[in-house]
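J.: Residues per chain are reported as follows:
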Amino acid sequence: MQYSALSILWQGLTGNTGWKPMWRDPEPRNEYDIILIGGGGHGLSTAYYLAREHGLTNVAVLEKGWIGSGNVGRNTTIIRSNYMLAPNTHFYEKSMKLWEGLEQDLNFNTMVSQRGVINLFHSDPQRDAFARRGNAMRLAGIDAELLDPDQLREWVPILDFENARFPIRGGLLQRRGGTARHDAVAWGYARGADSRGVDIVQNCEVLDIRVEGGRAVGVDTTRGYFKAKKIGIAVAGNTSRLARMAGIELPVESHVLQAFVSEGIKPLIDTVVTFGAGHFYISQSDKGGLVFGGDLDGYNSYAQRGNLPMMEHVMAGGMAIMPAIGRVRMLRHWGGIMDMSFDGSPFICRTGIDGLYLNGGWCYGGFKATPASGWCFAHTIARDEPHPLNAAFTIDRFEKGRMLDEKGVGPYPWIQ
Amino acid sequence: MHRIDCPWCGVRDEAEFQYQGDATVKRPAPDAPAEAFFRYVYIRENPRGWHTEWWHHIGGCRQWIKVVRNTLTHEIASCGSPQDDLEIPGEDGG
Chain B
1 MQYSALSILW QGLTGNTGWK PMWRDPEPRN EYDIILIGGG GHGLSTAYYL AREHGLTNVA
61 VLEKGWIGSG NVGRNTTIIR SNYMLAPNTH FYEKSMKLWE GLEQDLNFNT MVSQRGVINL
121 FHSDPQRDAF ARRGNAMRLA GIDAELLDPD QLREWVPILD FENARFPIRG GLLQRRGGTA
181 RHDAVAWGYA RGADSRGVDI VQNCEVLDIR VEGGRAVGVD TTRGYFKAKK IGIAVAGNTS
241 RLARMAGIEL PVESHVLQAF VSEGIKPLID TVVTFGAGHF YISQSDKGGL VFGGDLDGYN
301 SYAQRGNLPM MEHVMAGGMA IMPAIGRVRM LRHWGGIMDM SFDGSPFICR TGIDGLYLNG
361 GWCYGGFKAT PASGWCFAHT IARDEPHPLN AAFTIDRFEK GRMLDEKGVG PYPWIQ
Chain L
1 MHRIDCPWCG VRDEAEFQYQ GDATVKRPAP DAPAEAFFRY VYIRENPRGW HTEWWHHIGG
61 CRQWIKVVRN TLTHEIASCG SPQDDLEIPG EDGG
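Just so you know, the sequences run in chain order B and L. To convert, note that position 353 of the first sequence is 353 in the numbering used here; the numbers rise steadily by one, no gaps. To convert, note that position 87 of the second sequence is 87 in the numbering used here; the numbers rise steadily by one, no gaps.
The reader is advised that the hints may include incorrect statements.
Stated by the list, open to error - EDC-like cross-link-like pairs, simulated, lysine to aspartate or glutamate; straight-line CA separation at most 20 Å: (1) L:Lys-66 <-> L:Glu-35; (2) L:Lys-26 <-> B:Glu-399; (3) B:Lys-94 <-> B:Asp-143; (4) B:Lys-64 <-> B:Asp-105; (5) B:Lys-400 <-> L:Glu-35; (6) L:Lys-66 <-> L:Asp-5; (7) B:Lys-64 <-> B:Asp-220; (8) L:Lys-26 <-> B:Glu-31.
As the list claims (entries may be wrong) - Here chain B is said to cover these stretches of chain L; the calculated rule only asks that three of the stretch's residues, wherever they fall, bring their Cβ under 8 Å from a Cβ of chain B: (9) 17–29; (10) 72–78.
For the record, the hints were derived by calculation from the structure and aren't laboratory data. Note that CB positions come from ideal geometry on N, CA and C, so glycine has one too.
Take these sequences, add in the hints, and give me the full structure.
T.: See the structure below:
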């Protein structure tokens, strides 16, 4: 079904009785050319680009719950490409360009809103570091502007500029950054993949990956065994578990990251602000809720819920930089499980097993990466070789000393 | 909320501690091959279930504490000193 102003008008006049389900609920076949494990943003976008870019439609996406029930429904919807290291810069910019055309591409309202993303800085050394990152972005053809405090006041007057511990000296702005409607991203990709013939199989948990003679040949699931010529893993926080089914050990730990939404209030902030020094970032949804978060809880977890100390820490960060929100009530909070790699950068690559491909290690960067992740993973699976954009995102980069440690943290996932 | 039973201070709130990672990895011998050091630094079991890990009582006695904790339920089975060999409960929690 094509969506248009006319179809909305027509459905409105006829009682909205003509809308059809956006994707089928097919009975899975016994054999596929390609099976993608994980019906989240990355798995669905991979399926979509396999069909659209490579004409491969004998594809199934297996999802243990319902599509979009994992991290694509558990993030804070921010999109940006303000990275410094070249492989990250180019990859995330590819994603930003795909975001910019996504609604037309999918004929689906993913509510991409380029409202800008601003990273605050508080000292001369931090300003230098941000200027360097902005320069790296501009050299790669990405927009970046260094705002002084007066310019920043025009963007975000609500901030506490004279904060005693972290006085605000300015911010690094990417105007093209912003937010998108996360659920619609999953639904739009699902609809696009399904309409091209991809089977989206829900309530189908993968229990084992069969490997014969160094080659992946199929998956055992709660709905039976399916053969496949190629298998792609895109399961975020469960990456270690799925990889282990095929005997692969990874430099990955699973950690919980919390996010929060306040009650709806009148427009307060019309951009995205990150206060890295205080482990806090914030934007405002179209419904008026403040959407904010911070850093990981900081211990291995698969629980999809966090604990109170980090909640208090995030609120304290918000109060420090934006004291006006002190009496706003928090409405909801949730946790998602991040597949934290040991350098903060992802994997989109072949594995040591023929026909088995890995997409994971997304750390904090999963949602914004969704389009380019699928685009690159589709290329890697279809051609059996990486695209230049994801050639650096290999598993063996640690062994070879080619880590992509954007923040210079070292091999400690819980403090990234 | 985790409540960790510090062998020196008693049961304390999680907020007094800093997590310090997987306690099952052991530093290889100095003459071990590079592969062993690679695994020591980077490869982790990352179980969904019982996990033996380090917590640093940074807001208390500043000792390192070994904890067996379930990563799926956040339940803590046992806490001990770094020398202790803590038992992993039978059921793996997933």
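J.: Of all the hints given earlier, name the ones this structure violates by number, lowest first.
T.: Checked against the structure, the hints that fail are numbers 1, 4, 8, while the rest are satisfied.
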